[in-house]
Each structure stands twice: as C-alpha cells, then as structure tokens.
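Line order of the protein sequences matches chains A and B. Last residue of the first sequence: 384 in the working numbering, with the numbers rising by one and none dropped. Last residue of the second sequence: 384 in the working numbering, with the numbers rising by one and none dropped.
Calculated directly from the structure, the hints in this document are not laboratory data. Because the structure is a prediction, the values reported are computed rather than measured. There's no promise every hint is true.
Because identical chains cannot be distinguished in the list, a pair is counted as satisfied if it fits within a single copy or across any two copies.
[Unchecked claim] Subject to a maximum C-alpha distance of 30 Å in a straight line, what follows is the list of computed DSS-like cross-link-like pairs (lysine-lysine): (1) Lys345 - Lys39; (2) Lys362 - Lys233; (3) Lys133 - Lys173; (4) Lys372 - Lys238; (5) Lys101 - Lys345; (6) Lys238 - Lys355; (7) Lys364 - Lys133; (8) Lys28 - Lys327; (9) Lys238 - Lys151; (10) Lys28 - Lys364; (11) Lys238 - Lys127; (12) Lys297 - Lys256; (13) Lys297 - Lys173; (14) Lys381 - Lys173; (15) Lys381 - Lys24; (16) Lys24 - Lys66; (17) Lys292 - Lys370; (18) Lys156 - Lys98.
Number of protein chains: 2
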Amino acid sequence: MVDKNSFEVTPWDVEGNVDYRKLIEKFGTERLTENLKERIHGNAGSKNFYIDRDFVFSHRDMDKVMEDYEEGDGFFLYTGVGPSGPMHIGHIISFKMTKWFQDNFDVNVYIQFPDDEKYWTRGNKYEDVEKFAQDNLKDVAAVGFDPDKTFIFKNTEYIGNMYKAATKVAKNINNSVVSAVFGFGSSTNIGLNWYPALQILPTFFEEGRCLIPAGIDQDPYWRIQRDIAPKIGRKKAAQIHNKLVPALTGPEGKMSSSKPRDAIMLNDGPEDVRKKVMERAYSGGQITKKEHREKGADLSVDVAYQWLRNLFLDDDQRIKEIGRKYNNGDMLTGEVKEILIEKLNSFLGEHQKRKEKSTKAKKKMMYKGKLAREMWNNKVEI
Amino acid sequence: MVDKNSFEVTPWDVEGNVDYRKLIEKFGTERLTENLKERIHGNAGSKNFYIDRDFVFSHRDMDKVMEDYEEGDGFFLYTGVGPSGPMHIGHIISFKMTKWFQDNFDVNVYIQFPDDEKYWTRGNKYEDVEKFAQDNLKDVAAVGFDPDKTFIFKNTEYIGNMYKAATKVAKNINNSVVSAVFGFGSSTNIGLNWYPALQILPTFFEEGRCLIPAGIDQDPYWRIQRDIAPKIGRKKAAQIHNKLVPALTGPEGKMSSSKPRDAIMLNDGPEDVRKKVMERAYSGGQITKKEHREKGADLSVDVAYQWLRNLFLDDDQRIKEIGRKYNNGDMLTGEVKEILIEKLNSFLGEHQKRKEKSTKAKKKMMYKGKLAREMWNNKVEI
Numbered sequence: 003m004v005d006k007n008s009f010e011v012t013p014w015d016v017e018g019n020v021d022y023r024k025l026i027e028k029f030g031t032e033r034l035t036e037n038l039k040e041r042i043h044g045n046a047g048s049k050n051f052y053i054d055r056d057f058v059f060s061h062r063d064m065d066k067v068m069e070d071y072e073e074g075d076g077f078f079l080y081t082g083v084g085p086s087g088p089m090h091i092g093h094i095i096s097f098k099m100t101k102w103f104q105d106n107f108d109v110n111v112y113i114q115f116p117d118d119e120k121y122w123t124r125g126n127k128y129e130d131v132e133k134f135a136q137d138n139l140k141d142v143a144a145v146g147f148d149p150d151k152t153f154i155f156k157n158t159e160y161i162g163n164m165y166k167a168a169t170k171v172a173k174n175i176n177n178s179v180v181s182a183v184f185g186f187g188s189s190t191n192i193g194l195n196w197y198p199a200l201q202i203l204p205t206f207f208e209e210g211r212c213l214i215p216a217g218i219d220q221d222p223y224w225r226i227q228r229d230i231a232p233k234i235g236r237k238k239a240a241q242i243h244n245k246l247v248p249a250l251t252g253p254e255g256k257m258s259s260s261k262p263r264d265a266i267m268l269n270d271g272p273e274d275v276r277k278k279v280m281e282r283a284y285s286g287g288q289i290t291k292k293e294h295r296e297k298g299a300d301l302s303v304d305v306a307y308q309w310l311r312n313l314f315l316d317d318d319q320r321i322k323e324i325g326r327k328y329n330n331g332d333m334l335t336g337e338v339k340e341i342l343i344e345k346l347n348s349f350l351g352e353h354q355k356r357k358e359k360s361t362k363a364k365k366k367m368m369y370k371g372k373l374a375r376e377m378w379n380n381k382v383e384i
Numbered sequence: 003m004v005d006k007n008s009f010e011v012t013p014w015d016v017e018g019n020v021d022y023r024k025l026i027e028k029f030g031t032e033r034l035t036e037n038l039k040e041r042i043h044g045n046a047g048s049k050n051f052y053i054d055r056d057f058v059f060s061h062r063d064m065d066k067v068m069e070d071y072e073e074g075d076g077f078f079l080y081t082g083v084g085p086s087g088p089m090h091i092g093h094i095i096s097f098k099m100t101k102w103f104q105d106n107f108d109v110n111v112y113i114q115f116p117d118d119e120k121y122w123t124r125g126n127k128y129e130d131v132e133k134f135a136q137d138n139l140k141d142v143a144a145v146g147f148d149p150d151k152t153f154i155f156k157n158t159e160y161i162g163n164m165y166k167a168a169t170k171v172a173k174n175i176n177n178s179v180v181s182a183v184f185g186f187g188s189s190t191n192i193g194l195n196w197y198p199a200l201q202i203l204p205t206f207f208e209e210g211r212c213l214i215p216a217g218i219d220q221d222p223y224w225r226i227q228r229d230i231a232p233k234i235g236r237k238k239a240a241q242i243h244n245k246l247v248p249a250l251t252g253p254e255g256k257m258s259s260s261k262p263r264d265a266i267m268l269n270d271g272p273e274d275v276r277k278k279v280m281e282r283a284y285s286g287g288q289i290t291k292k293e294h295r296e297k298g299a300d301l302s303v304d305v306a307y308q309w310l311r312n313l314f315l316d317d318d319q320r321i322k323e324i325g326r327k328y329n330n331g332d333m334l335t336g337e338v339k340e341i342l343i344e345k346l347n348s349f350l351g352e353h354q355k356r357k358e359k360s361t362k363a364k365k366k367m368m369y370k371g372k373l374a375r376e377m378w379n380n381k382v383e384i
C-alpha cells in the first residue's frame with residue numbers, strides 16, 4: 003500500500019482518496035482555480051479537455067501568463083522528450099496540451115530533444131539514442147504543431163547556435179544546486195552534470211514568458227530556472243501541470259517505456275492494445291460477477307475508467323453515465339475496458355496515420371519552417 | 003622562504019639548490035635524458051635551444067612520440083591559451099617550443115582558446131574575454147606557425163563541430179575525478195566543471211599521438227586524458243615540460259598577467275622593459291659594489307642571469323663567460339641587466355612587428371588555411 007502520509011506522487015494519490023491541497027503544498031505549486039480555468043478558456047475561446055476534467059490541475063504563474071497575453075506581451079511554449087525509447091500514451095499528453103495552447107493562443111513552440119542527456123544518463127550508445135530520436139521525432143511531428151511556429155531541435159545538432167548562451171546559464175548554477183535538485187553526485191559524469199544549463203536555456207529563447215506544460219513530477223527541475231531568471235534579468239518560466247498517467251497495472255507509479263507491457267505505446271497495433279488492456283489493466287471491479295453486481299467498482303483505482311475520464315472520453319454525459327453504472331455494479335469491468343480499447347485504437351490509428359505522413363512537417367519544424375529558419379540563422383542571445 | 007621539502011614548483015626549486023629527480027618524482031614524469039635529447043635533435047636535424055639548456059627538462063612518453071615518428075606514424079601538437087589578459091614572456095615559450103616541433107617535424111598544430119573556461123573562471127564578461135582573445139590571437143599568430151598546418155579555435159565558436167565528440171569524453175569523467183584533479187567542488191559552476199571534457203578533446207583530433215608542450219605545473223591536468231584514452235581506444239597524450247618562467251621579483255612563483263609590473267608583457271615597449279628590469283628584477287648580486295667585487299653574485303636566484311641562460315642568450319660561449327664573470331664579481335648586476343634588456347627588446351620588437359602583420363596568417367589559421375578548412379568542414383569524431 004502507498005503510505006498516504008509520504009505523498010509519493012502517484013496518480014492514485016491524486017485521483018483516489020488524497021487531498022489535492024497537500025500534494026500542491028508539497029511542491030509549493032498553486033491549484034488551478036475555477037477562476038483561472040475560466041480565464042484560460044475565455045482567452046482561448048475554447049475549452050481544454052484536460053483542464054476541464056482536472057487532469058491538468060496545478061500551475062506556477064499561469065495567472066501571469068494570462069496577464070502577459072491579455073496585455074499583448076504574448077508568451078511561448080517549451081517542452082521536450084528524451085529519446086530513450088519508443089513513446090507511450092503518457093508522453094504524448096504534454097504535447098497535446100502544448101498544441102492546444104499553440105492552436106488557441108497562436109504562439110511559438112520550442113521542443114528540445116536532449117540526445118546528449120540520454121547518451122549520458124543511460125548505457126546507450128548514440129546509435130540507439132539516434133534510432134529512438136528518429137522515431138520520437140515522427141511522433142512529435144504527428145501531433146500537428148504549426149510547422150512555421152514550431153522549432154524542434156536535437157541538442158547535439160543545435161549546440162553551435164546555443165552553446166555560448168548556455169555558458170551564461172551555467173555560470174549561474176553551481177554543483178551543489180544540481181546535486182540538491184537532480185541528485186547528482188561524485189559518480190555523476192560531468193556531461194550530465196552540465197546538462198541542466200541546456201535544459202534551462204530554451205526558457206530564454208524569447209523575451210516573453212515561457213510556459214512549460216508537464217507532469218507535476220517535473221516541477222522541481224524548473225526550480226533552478228526560477229532562481230536564476232531574475233539574476234539575468236529575464237522572466238521566471240511558468241508551468242501548468244498534469245497528473246501522471248498511470249501504468250496499466252495501477253498504483254505503482256507512472257507509465258514507463260522501460261515497462262512496455264504495462265504501457266500503451268504509440269506504435270501499438272489494435273491487437274496489442276486489446277491484449278494489454280484486457281490482461282494488464284488494473285480493475286476496481288469485484289472478483290466475481292455476482293459480487294460486482296452487488297458492490298460495484300472502486301472508480302478511483304480502476305485504470306480503464308480513469309483513462310477514459312482523464313484522457314479519452316470527452317462526452318461529459320457518457321463518462322458520467324459510465325461512472326454511475328460501473329460504480330453501482332450495472333456495468334462490468336470488461337464492458338468498460340471495451341470502451342477504452344475502442345477509444346485507444348481510434349486515437350492510435352489516427353496518430354499512426356499522421357505519423358506516416360509526418361516527414362514534411364518534421365523537416366519544416368526542424369529546419370525549413372519560418373521559426374526553424376530564424377533559429378538556425380541566429381545565435382541564441384541572453 | 004620556500005620549504006624545500008614541500009616542493010612547491012617554483013623555478014627556483016628547479017634552477018637553484020633542489021634535486022631535479024625529486025621534482026620529477028613528485029609529478030611522476032620522466033627526466034629528459036641525454037639519449038632522448040639526442041634522439042629528438044637527431045630526428046629534428048636541428049638543436050632546440052630550450053632543450054639544449056635544460057629549460058625543457060621533463061616529459062611523458064616523449065620516447066613514444068619519437069618512436070611513432072621514426073616508424074612513420076607521425077604525431078601532432080596541441081597547446082592553447084586562456085584569454086584572461088594580455089600575454090607575457092612566460093606564455094610565449096610553449097608556443098615557441100611548439101613551433102620548433104612543427105618546423106622540424108612538419109606536423110599539424112591545434113591551438114585552443116578556451117574562452118568559455120575564462121568566462122566561467124573569472125568575474126569576466128564575454129566582452130572582456132573577447133577583447134583579450136583578439137589580442138592573444140595576434141600574439142599567437144605572430145609566432146609564425148605554418149598557416150596551412152595550424153588550426154586555432156575559440157571553444158564557443160568551434161563548439162558545433164566538437165560538442166558531440168566532447169560528450170563522449172565527458173561520459174568517461176565523473177565529478178569526483180575533476181574534483182580530485184582540478185579541485186572543483188560544490189561552489190564550482192557546472193560550466194567550469196564540464197570544461198575538462200573540452201580541454202581533453204583536442205588530444206583526440208587526430209588518430210596519431212598528441213604531444214603537448216607545456217609548463218610542468220600543467221602536468222596533473224593531463225592525468226585524466228591519460229586515464230581515459232585507453233578506454234576509448236586512443237593514444238595517451240605525450241607531454242614535454244618546461245620549467246616555469248619566474249616573475250621578475252624572483253622566487254615567489256611564476257610570471258602572471260595579473261601582476262604586470264613583475265612580468266614582461268608581449269606588448270611592452272623598450273622603456274617599459276628597461277624600467278621593469280632595472281627596478282624589479284631580483285638580483286643575486288651583493289648590495290654594495292665593493293662587496294659584490296669580493297663575493298660575486300648567486301646565479302641561481304638572479305633573474306636577469308636565469309632569463310638569459312634559459313630563454314634569450316643562445317651563444318653558449320657568451321653565457322658561460324657572463325656566468326663566470328658575474329659569479330666571481332667581475333660583472334655587476336647592472337651590466338647583466340643591460341644585456342637582458344637588449345635581448346628582450348630585440349625579441350619583443352621583432353614579435354610586435356610580426357604581430358602587426360599577423361591578420362592574414364591569423365585568418366588562415368582560424369578559417370581559411372588547409373587544416374582550418376578541413377576542421378570546419380568536418381565534425382570531430384572519436
């Protein structure tokens with residue numbers, strides 16, 4: 003059992019029986035209030051599904067992002083993915099959130115591929131990192147960002163344009179800080195130890211405020227940015243946090259590429275999805291049909307229900323109905339799983355179709371689009 | 003007084019009353035034997051003044067460099083200078099040594115300008131570092147390297163071509179190693195902490211063996227290179243060490259740009275030189291003329307004599323005669339200083355003339371010469 007007092011950040015703490023306020027308190031972030039949600043949706047002129055369902059629930063300075071926007075100062079988005087394996091459903095959520103902001107606020111998006119970091123972190127060779135990067139790049143391109151307002155870059159490739167600016171970031175970060183925040187120590191290699199400078203730099207790619215959509219577990223890694231930004235006369239990066247996407251198996255932490263059997267991978271075919279959901283998805287239902295009809299399911303720990311509610315079923319009426327029926331025993335786990343399988347396969351089918359056709363968009367976002375050309379033609383200055 | 007048992011590396015320990023063997027033992031380097039000196043001179047077809055006078059006196063794997071050369075495998079040279087101030091006489095010695103090897107063995111020279119390191123080490127802004135770099139670059143160009151076989155690069159400028167290779171070096175160095183070798187710790191910024199990867203990388207610019215001519219005090223900084231080279235299937239860098247060039251004031255360590263009054267700067271004019279040598283150069287002579295005529299000078303601590311012997315007076319007969327006469331009181335300090343002033347001004351005058359005309363050579367060594375073009379057209383691979 004998870005010790006609720008230790009507040010390990012599992013989505014179950016969040017979805018289940020634990021007080022949001024304490025989690026938000028632990029990280030020192032702020033709750034996304036109804037007021038702020040309305041302000042975001044009002045400015046966007048559209049509702050965001052994840053925000054609406056409280057899957058995105060916490061933030062830092064999101065109010066300032068809206069203030070900047072309302073005053074015409076704009077903002078920009080920054081996200082990324084470390085190419086250490088094929089991507090899964092959990093990875094794509096921040097990208098979809100990012101796309102929603104781009105679509106509705108018409109702003110630039112910068113996407114970092116820290117191939118250097120993944121080379122340093124794992125036992126990987128660059129050939130492996132590069133293989134994953136090529137696949138991940140297609141996934142990201144398939145999300146459908148504006149190819150003229152999006153710049154995707156691999157660190158080892160773009161470094162010539164950003165190294166000097168990164169040295170200025172690095173000058174403001176000492177070893178004890180990265181030790182405290184990232185847990186680096188004497189056995190950490192000096193490459194990984196330097197990487198935080200490159201992770202932070204893109205938050206200064208534009209003069210305006212940077213907004214980072216990410217899982218709440220990523221929050222501590224931006225502490226350094228918020229410490230040094232005022233020292234170099236720049237704005238602290240804002241963040242908007244989603245809950246973590248649980249593994250199929252449930253309460254033991256978030257989905258991971260290193261456990262592909264317990265994750266839905268973006269490359270999974272319909273039969274993979276069916277097999278994984280049916281065999282691996284943790285159920286909040288009862289063991290026997292009879293017992294289930296009597297007691298109903300515990301929705302707070304049921305993966306199929308939570309995924310539908312948080313990520314895939316945007317019909318408010320229908321999710322409420324499923325929740326009610328499943329909770330009182332009128333629906334069985336298998337039925338809920340079937341609905342999830344259908345939603346997942348539709349989502350993945352569309353994604354994979356776009357991924358196949360992503361080559362041109364990827365090229366624009368990396369090299370040939372308007373923003374990419376600007377980034378390649380200029381050195382980053384801070 | 004210097005505690006002789008602690009073996010602080012001052013040139014006086016070396017020139018004065020201390021056993022060479024102990025110094026070499028402390029660093030674990032090897033003495034440049036008469037045999038090896040002959041082998042170098044034989045292969046070069048010419049005598050090197052600094053080697054001949056034992057100002058260059060210690061090495062690591064210099065025998066292997068000669069072996070590689072004799073077997074037709076060649077070698078290459080690597081040196082550099084951190085742009086943190088105007089250069090002085092002490093700085094130029096390693097460059098002149100390097101040029102001698104290039105001239106006589108017809109090999110490539112790589113010269114690093116670690117502007118990033120100097121930005122990280124000192125309170126400097128890049129504008130200051132760049133100002134010094136521009137001046138230092140002219141000094142280095144004035145040494146007269148072969149413009150088609152020499153590549154001079156500033157780290158922040160060349161980084162795009164060498165970053166990925168440097169990440170491989172960095173993966174083999176952990177924080178505890180740079181802490182032990184460079185004394186880095188919790189208050190060191192993460193940029194400086196990463197810099198050793200870039201310092202080491204040029205030792206792998208070619209497949210052959212790298213030879214680094216440098217002051218013996220630099221030796222420990224190459225330990226890491228020699229540790230990791232075998233791990234990545236490359237050769238350990240060889241070094242050939244000169245003694246340190248003393249400050250004018252004598253026994254308190256080596257010449258430094260931060261004490262320009264006690265150093266002869268490459269930009270000094272004839273009157274500066276006269277004033278500094280006359281007023282600041284530590285004398286081994288006696289206080290009164292009468293006493294001096296009786297007791298003579300202590301050559302081992304006399305700056306003017308040592309500089310002539312080690313660096314500027316290549317006439318063997320004449321330096322012997324000066325030594326004899328000064329030592330027995332037949333020559334006065336002022337007379338020896340006059341000889342040094344003449345030699346220094348002739349050396350600096352020629353240098354400054356070449357420096358004024360160095361623009362074209364500098365451009366070739368940085369961008370347009372044969373080796374420079376090769377380096378810019380290819381990414382460094384290790």
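To see whether the hints hold, each was checked on the structure:
1. In this assembly of identical chains, the alpha carbons of Lys345 and Lys39 lie at most 30 Å apart only when taken from the same copy (26 Å versus 79 Å across copies).
2. Within a single copy, Lys362 and Lys233 get their C-alpha atoms no closer than 40 Å, and across copies no closer than 41 Å, so neither meets the 30 Å cut-off.
3. When the C-alpha separation of Lys133 and Lys173 is checked against a cutoff of 30 Å, the pair qualifies only between copies, where the shortest distance is 20 Å, while the shortest distance within a copy is 33 Å.
4. Proximity of Lys372 to Lys238 under the C-alpha cut-off of 30 Å is restricted to the intra-copy arrangement: shortest distance 26 Å within a copy versus 47 Å between copies.
5. For a Cα distance limit of 30 Å, the shortest separation of Lys101 from Lys345 inside one copy, 20 Å, qualifies, whereas the shortest one across copies, 71 Å, does not.
6. In this homomeric assembly, Lys238 and Lys355 never come within 30 Å of each other (Cα to Cα): the closest approach is 38 Å inside a single copy and 52 Å across copies.
7. Taking the shortest Cα distances, Lys364 and Lys133 sit within 30 Å of each other inside one copy (15 Å), while across copies they are farther apart (41 Å).
8. Taking the shortest alpha-carbon separations for Lys28 and Lys327, neither the intra-copy value of 35 Å nor the inter-copy value of 81 Å comes in at or below 30 Å.
9. In this assembly of identical chains, the alpha carbons of Lys238 and Lys151 lie at most 30 Å apart only when taken from the same copy (22 Å versus 48 Å across copies).
10. Taking the shortest alpha-carbon separations for Lys28 and Lys364, neither the intra-copy value of 39 Å nor the inter-copy value of 57 Å comes in at or below 30 Å.
11. Taking the shortest alpha-carbon separations for Lys238 and Lys127, only the inter-copy value of 23 Å comes in at or below 30 Å, while the best intra-copy value is 35 Å.
12. Proximity of Lys297 to Lys256 under the C-alpha cut-off of 30 Å is restricted to the intra-copy arrangement: shortest distance 28 Å within a copy versus 85 Å between copies.
13. Taking the shortest Cα distances, Lys297 and Lys173 never come within 30 Å of each other, neither inside one copy (60 Å) nor across copies (56 Å).
14. For the identical chains of this complex, Lys381 and Lys173 are neighbours both inside a copy (18 Å) and across copies (27 Å), given an alpha-carbon limit of 30 Å.
15. When the C-alpha separation of Lys381 and Lys24 is checked against a cutoff of 30 Å, the pair qualifies neither within a copy, at 43 Å, nor between copies, at 51 Å.
16. In the homo-oligomer, the alpha carbons of Lys24 and Lys66 lie at most 30 Å apart inside one protomer (23 Å), although the nearest pairing across protomers, at 66 Å, exceeds that limit.
17. Proximity of Lys292 and Lys370 under a CA criterion of 30 Å is satisfied in neither setting, with 61 Å inside one chain copy and 83 Å between copies.
18. In this homomeric assembly, Lys156 and Lys98 come within 30 Å of each other (Cα to Cα) only inside a single copy, at 20 Å, whereas the closest approach across copies is 41 Å.
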